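> Chains as they are written, first to last, in the numbering used here: chain A, 410 to 685; chain B, 2 to 335.
Keep in mind the hints are simulated off the structure, nothing from the lab.
Just so we're clear, the structure is a prediction, and the values are computed from it rather than from any experiment.
Cβ atoms here follow ideal geometry from the backbone N, Cα and C, with glycine treated the same way.
Just the calculated beta-carbon pair ranges, DEER-fashion:
no.	chain 1	residue 1	chain 2	residue 2	range
1	B	D129	A	A426	36 to 44 Å
2	B	Q18	A	R541	51 to 59 Å
3	B	A185	A	T514	40 to 48 Å
4	A	L590	B	G245	56 to 64 Å
5	A	F622	B	H90	37 to 45 Å
6	A	V509	B	L184	30 to 38 Å
7	A	I433	B	H90	34 to 42 Å
Here is what each chain is made of, one letter per residue.
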Amino acid sequence: MARAITPRRKLIVTAAAWSIAILIFFPIFWTILTSFKTEAEAIADPPSLFAFDWTLENYSVVQERSNYFLHFWNSVVLSVGSTLLGLAIAIPAAWSMAFVPGRRTKDVLMWMLSTKMLPSVGVLVPIYLIFRDLGLLDTRIGLVIVLTLINLPIIVWMLYTYFKEIPGEILEAARMDGATLRSEIIYVLTPMAVPGIASTLLLNIILAWNEAFWTLNLTAAKAAPLTAFIASYSSPEGLFYAKLSAASTMAIAPILIMGWFSQKQLVRGLTFGAVK
Amino acid sequence: MGTITLQQITKSFGDVQVIPPLDLDINDGEFVVFVGPSGCGKSTLLRLIAGLEDVTSGLIQIDGRDATEVPPAKRGLAMVFQSYALYPHMTVRKNIAFPLRMAKMDQAAQNAKVEAAASVLNLTDYLDRRPGQLSGGQRQRVAIGRAIVREPAAFLFDEPLSNLDAALRVNMRLEISELHNTLATTMIYVTHDQVEAMTMADKIVVLQAGVIEQVGSPLELYHRPRNRFVAGFIGSPKMNLIDGAEAGKHNATSIGIRPEHVDVSKTDGLWRGRVGVAEHLGSDTFVHVHDTGLVDMLTVRIPGDISVSHGDDIYLSPDPEKMHRFGADGLRLE
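Make the full structure from the sequences, and use the hints.
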């Protein structure tokens, strides 16, 4: 029996949902707000919510002191590059695991996931040394490789669950209808998997954009993305909250906007399998 | 043309052999039904013919040519799946045209063929809809349409009616039979439903555990089942099989008598029993008889206008002419 939705119940659920949403968004909101304050107001106690002198000074200082567009461009290259490379590897992998599973397919999937259970710092030294010897430190290509590898298990798992939902009989029907493997993939499988591939792509761009461990440890200046740009305002300069906030706002704005426009795809991707 | 020959084919999944060496000839234009309980290997056998599974050993010939290693796309066969397997992102028109598009037929010819198939299958009004907007029966017809346009050497049906409700199933059964009469193309049809097998087939292949138990026309199977398994599987309600002393009187290990071949009397007869459940179908009544001392339950058919009720004493006399005798190995005795 369906539960009756009384107005009171609806009110409570709505209020609860908004409270949680505001709670989650508050730090981002506060960061954005702080970025428009002066340094003095940023650390004022009690803090003022809106009644302060709005200023853009922090943004101009940040822009003056560091090359935002270099870092922005690095972030774009790293997140998009690692995602595309990851998809190129993961699509065939997920494909074969979903449609021609072998005796060890489940083990391989678990093994891939298990690599995420090791803290990154555990392999920092070997990877740093390998990167140093190969001359990959502070290069975009090096970081693209690392980001691809750390996110690959997630990409494969997501695509695997999507492909699993596509009935094998439809692919067999295409085969019976005279389709070659290539036509089967282009005309039947890909159109059916597009929503899944799109969600995976979006989620992975966000993950790669926000990745801060490897990007901070393996870059210095040339290949440093926006995470390093934010970090440069925290550690050496101490407590310049307003400037730090301005840098953070500039770093998260692009991904926030992208996420806003693609929320439908993202929600579908993240709740996949849970709701049918 | 559509002759299909299977020579000593076997299929194993890992260490499990699901089809021991098997031979079968299918003639051009025949309607062949593979029937058997679930897990008997009938779908596997169909998939081997389709090329969706590889044979472990043996030879498959289609129209006299070796097709054992030929990929499914090149075998010239069309298949209708249990789940219909329509392409959900394409309209009905594109679904039906897909095999033609794969064969790189020109657009005008494609359209003509799709329109023709659609009119045969009453799908003309639905050509621009997507599969999701169709009923089960319509989806099934689209799947058949997609098979027809290819003009295949043979059609393969894998339990195509099992997702439909009972009334629609009877209709589609007729439509497929009519289609076979019109096209006169070889059809291989897999089902677990012996009624579908009996009503549609020219030739029935009864399978159990990957082994062909009998091949024959529906009436051959009904009148002369080769062994106990076929005797029990073909016919509805099932044949009564009696072991022991009563069978010994007929020099057999077991005897079989169909429910419709037993005379029923309230006064005298060969066997005596008590009425359990009586299933009234209107035209006939199937009576389950207990306490005969032969088996737990015997089923007999009586005309619908004779009334019997639970607990009545009843006398049964099997028609000796219609009795089937089986030996210790389960095979029919002549």
